[in-house]
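For the protein sequence lines, the chains are A and B, in the order given. In terms of the numbering used here, the first sequence opens at residue 1 and continues consecutively. In terms of the numbering used here, the second sequence opens at residue 1 and continues consecutively.
A couple of the hints might just be wrong.
Think about it this way: if two alpha-carbon atoms lie no more than 30 Å apart in a straight line, the pair counts; the simulated BS3-like pairs of lysine-lysine are [stated by the list, open to error]:
1. A:319 <-> A:558
2. A:212 <-> B:24
3. A:224 <-> A:236
4. A:212 <-> A:260
5. A:212 <-> B:147
6. B:58 <-> A:212
7. A:224 <-> B:129
8. A:409 <-> B:24
9. B:76 <-> B:129
10. A:470 <-> A:544
11. A:473 <-> A:541
12. B:126 <-> A:224
13. A:409 <-> A:473
14. A:470 <-> A:541
Per label pair, the in silico range of CB-to-CB distance [said to hold, decoys possible]:
15. A:546 <-> B:1: 16 to 24 Å
16. A:199 <-> B:125: 36 to 44 Å
17. B:30 <-> A:234: 58 to 66 Å
18. A:405 <-> B:8: 36 to 44 Å
19. B:1 <-> A:462: 42 to 50 Å
20. A:234 <-> B:53: 41 to 49 Å
21. B:125 <-> A:404: 53 to 61 Å
22. B:125 <-> A:235: 57 to 65 Å
Reference listing, derived: stretches of chain B covered by chain A, where coverage requires no fewer than 3 residues with Cβ under 8 Å from a Cβ of chain A [said to hold, decoys possible]:
23. 38–46
24. 72–84
25. 202–210
Derived from the structure by calculation, the hints contain no laboratory data. These numbers come from a predicted model, not from an experiment. The C-beta atom is built at its ideal place from N, Cα and C for all residues, glycine as well.
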Amino acid sequence: MTLSLSDPTWYPIASSEDLPFRHVYQGQLLGRELAVWRADDGNVNVWENRCLHRGVRLSIGINEGGELKCQYHGWRYANRSAGCTYIPAHPADAPARRIENRTYPVREAYGLIWSAANDDQPFRPFAGAEGYDWFPLRPMPVNAAPEDVLAAIARLAPDDQPADILPGLAIRFGGTYYFVQPVDASRAVIRGLLSTQPDLATLRSNNETLSKLRDRLERLAARKPAPTPLQPAFDKVSADLATMPDIAIPRGNTITVVVKRKWTSADGVIGFELAARDGHLPTFQPGAHIDVHLPNGMTRQYSLTNGPGELMSYIIGVKQESASKGGSKVLVETVREGDLLSISEPRNNFPLRRDAVRSVLIAGGIGITPLLSMARFLDKSSLPYELHYFTRAGEQVAFRGDLEALHGKVILHTGLPRAQIGTTIATTLGQWSFAQHVYVCGPAAMLETVRDTAAAQGWPEESIHYEYFKNDKVIDDSSAFDVELARSAMTLHIPSGKTILEVMREAGLTVPSSCEQGACGTCLTRVMEGEVDHQDVYLNKSEKVSNSCMMTCVSRAKSARLVLDI
Amino acid sequence: MITLYDFELSGNCYKLRLLMSILKLRCDIIPVDFYPGRQHKADWFLRLNPFGQLPVLKDDELILSDSGAILAYLAKTYDETGLWFPDDPAVTSEVLRWHAVADDITSTASAARLALGFFYDFDIEKAQKGAHRIFRLMDEHLWFGEKMGRDWLCSPAHPTTADIACFPYVMLSEEGGIGRQDYPALRRWTDRVRRIPGFVVMSGIFPAGRALEQA
C-alpha cells in the first residue's frame, strides 16, 4: 500500500496521558506536523504545527489553558476554533477575528487521541472497542515504513492465535490491539492497547518486545532505499480567513443560539448563557460584544463575559431596568430558557493590550461585563492587573463567583458616595508611567470621572480605553445640510430631524450600523471634506478634532456640505 | 565571592547559572569569548583550567572546572536543604550516573550543535545518532518513572543536579538537528524542569507555561 496525503482514515496520534494540562504535544500524521494540546476545559486541539506569522512551531508555544501563545512573536490562538485572538504589533491591537490556523478533526477515545487528515469520514470505534477499560502501552516510534511495521507486528502473534488484520493499519491478537500511526513514508509509531489494566512487569515485557521489534525493523529499513517523504503542502490561509472584514460590507451574518441558561446574577442583573446549536461559536477577543436581535425587532449590544477559548457558549449580563424602554426589558421579561435568538458575530471596539506592565480595569454596575472578560484573559496569561468594581450595594455585584475565581487583584467598592468614588479612582490610577493602561466601562458620569482624572494625572489619551453602553447626550438634529457620497457618486440632502444614516437607507444604500445612538462605532465613516458636528460618545477628543471620521447615526455637519468615503 | 567564567551560548555554563539562580546565589560573570574568539584556549584561561574548557568557577581562592563537578560543589556548599545533591550514598551514585549521561549528551547533541552552529569539524550524523540513542533511553526511563509516580531522573521526589546537568543540551538539541518529537515523556520532563522556581532562560531555552495548579 502507498500512503496518501488525503487518506481520510482516523489514526491514533497520541495517548491521552501525553496531554497533561498546560503542555503542548508534538505529533505528526501522514507527513503533517501537528501541535496537540489540551485546554483547561478538557478539549483536545489538533492544529497544524506552525504559527501563521512566521511558521514557528506551535509545539514550542505556551499552553495558557484557553489560548496557545506563540513563543516567538506572541500571536495567540483560541481553544477549539484556532482563531487568532491577538497580534502584538497590530495597529488596532486587535486582529481580524477570521484569522484562523488549520485544525484537524479530533476524538479522544480508548485512552488514545485520534485524528485524520481530513473530515471526509466520521469517527467509528474499532471492532470490539466498547466495554473495556483500555490501557495504552508506551508508544514506540520506529524509523521504518508503516506497512513494514504492521507486517512485523503481525508476526509477533503466537501460532495458535493468528493476527487479525483490521482496517486502518490495525491488528489484533487476543485482547491486545496494535495501531500503526503513519507518521511519514518511512516513520511510524506503534500504539498498543490492552483490554485489561497491566502490572509494571507486563508493561516492561511489552516494552522490551516492541523495542526489539523496532531495532530489527530499523536495521532492515537501513538496508533499503528510504521511501520519499510525504510532501504536505503548506496551504495559504484563504483570504476569507486571513483578512479584516471590509467596513463597507454590511455584517448581516447572524448565528442562531439557544438560551441555555437564564439566571439572576445579582440584584437587577440577569445572566444569559447563549449556546451554539452545533459545535462552537466564533472566536472573540476580550472586550468584544455581540448584537442580540430581540423578538420585538430591536437590536442591542451586550459584552461577552467569557474567558479565553470558551467558545461553547457566550455569557452576557443584562441590566433589569424598571424604566427600560424596551430592549433589555424584552430580553429579561419574555425570553426564556430554550428559546432561540439571533446574534451577530462578536465585534470588538474595546481591545485589550497584552503588553502592559500594569492594567487597571474599572467597572461601574453592569459595566463589569467586558472587564470580567478582560480580567479572565489577563488572569490566564498571568499578566498583572487590578479590577475595581463599583456598585451601589453588595447585592448588585454581578458574576460574584466568577470574580472570586480570579487570581489578580479584585477590589469591590460598594456604596461609596460620589465624591469618594472620585478620590478612590484618583488613588487607584496614580501617576501614569510607561506601559500602564486603564480600561473603564460603566455609567457616563463614571467614564467622565476616569477620563478626566487620568488625564489630570498624566495618562495620555492612548492609555485610556473606555466603552459607552449608550449615548446619554441629547442629540441636536436641527441642522440641515448636504452629504456627497464619494464612492457612490450620490449627493443627498439631510433635512433637520433625520439622520444621515436614515437618508442613506432611504436612497437605497446598505450601510452597517448597530446601536444608532453614537456609542458602538459600527457606522464609523471616513470624512473627506467638510466640518463635522460630532454628537457621539465613541470617538475620543483628538479623533473628533482631526475631523477625519464620524458616526453617521447621530453626528451632523457644521458646514453646508460633507464629503464621505461611502 | 563567586565568579563564573562564562559563555552565554554554552549549555554547560548555563547549568551553573541555572542552579545558582535556583539557589539564589549571586555571582560575578566574566564573559569568555568561546566563539569565534577561542579565548578558552588563550594562555590566561589555560592557567585557570589546563583542560581548556568552560565553565570555570572561582569561589574565593578555590578554582573549579567541569560543569558536573561544579554543580555538586555548589549544591553541597550552598544548598541548605540538601535536596539538590543528596547525601544518601545510593542517591549520590544515581545522581553521578546521570551526570555521566549528561556528558554523553554533551558529546553527542552538543557536538552536533557545535558542528552546525559553530562550524566545528565533527561527524554530524554520528553525533545525531548518538543523541537519539540517549534520548530514547531517557524517554523510556521517564515514561516508566511517570508510571511509578516519579517526575525526575533520580528516585527522590524532587529534582537533583542530575536534572540540571541533562537539561540544557536536551533543550538545545534542535540546534543540532535532533528533533524531540519521538520523545514525549522527555518533552514533558523539560516542562517540569522549566517550572522549577528560580528557572532562568538562555538563548534557545525558553520558559514553559505555568502549570495549572499554580495558575
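Results of checking the hints against the structure:
1. A:319 <-> A:558: The given pair, whose Cα atoms are some 36 Å apart, is violated under the 30 Å limit.
2. A:212 <-> B:24: violated (46 Å)
3. A:224 <-> A:236: Roughly 35 Å separates the two Cα atoms, so the pair is violated.
4. A:212 <-> A:260: violated (54 Å)
5. A:212 <-> B:147: holds (21 Å)
6. B:58 <-> A:212: violated (48 Å)
7. A:224 <-> B:129: This hinted pair holds, its Cα atoms lying about 18 Å apart.
8. A:409 <-> B:24: Given pair residue 409 (chain A), residue 24 (chain B) holds - Cα atoms ~28 Å apart, limit 30 Å.
9. B:76 <-> B:129: violated (35 Å)
10. A:470 <-> A:544: holds (18 Å)
11. A:473 <-> A:541: Given that 30 Å is the threshold and the Cα spacing comes to 16 Å, the pair holds.
12. B:126 <-> A:224: With Cα atoms ~19 Å apart, residue 126 (chain B) and residue 224 (chain A) stay inside 30 Å; holds.
13. A:409 <-> A:473: violated (34 Å)
14. A:470 <-> A:541: holds (18 Å)
15. A:546 <-> B:1: 16 to 24 Å: violated (59 Å)
16. A:199 <-> B:125: 36 to 44 Å: holds (40 Å)
17. B:30 <-> A:234: 58 to 66 Å: Since residue 30 (chain B) and residue 234 (chain A) have Cβ atoms about 45 Å apart, the given range 58 to 66 Å is violated.
18. A:405 <-> B:8: 36 to 44 Å: Hint holds: Cβ distance 41 Å, inside 36 to 44 Å.
19. B:1 <-> A:462: 42 to 50 Å: This hint holds: roughly 46 Å between Cβ atoms.
20. A:234 <-> B:53: 41 to 49 Å: Check passed, 42 Å falls within 41 to 49 Å.
21. B:125 <-> A:404: 53 to 61 Å: holds (58 Å)
22. B:125 <-> A:235: 57 to 65 Å: violated (33 Å)
23. 38–46: violated (count 0)
24. 72–84: Coverage by chain A is violated here, the residue count being 0 at a Cβ distance below 8 Å.
25. 202–210: Result for this restraint: holds, n = 5.
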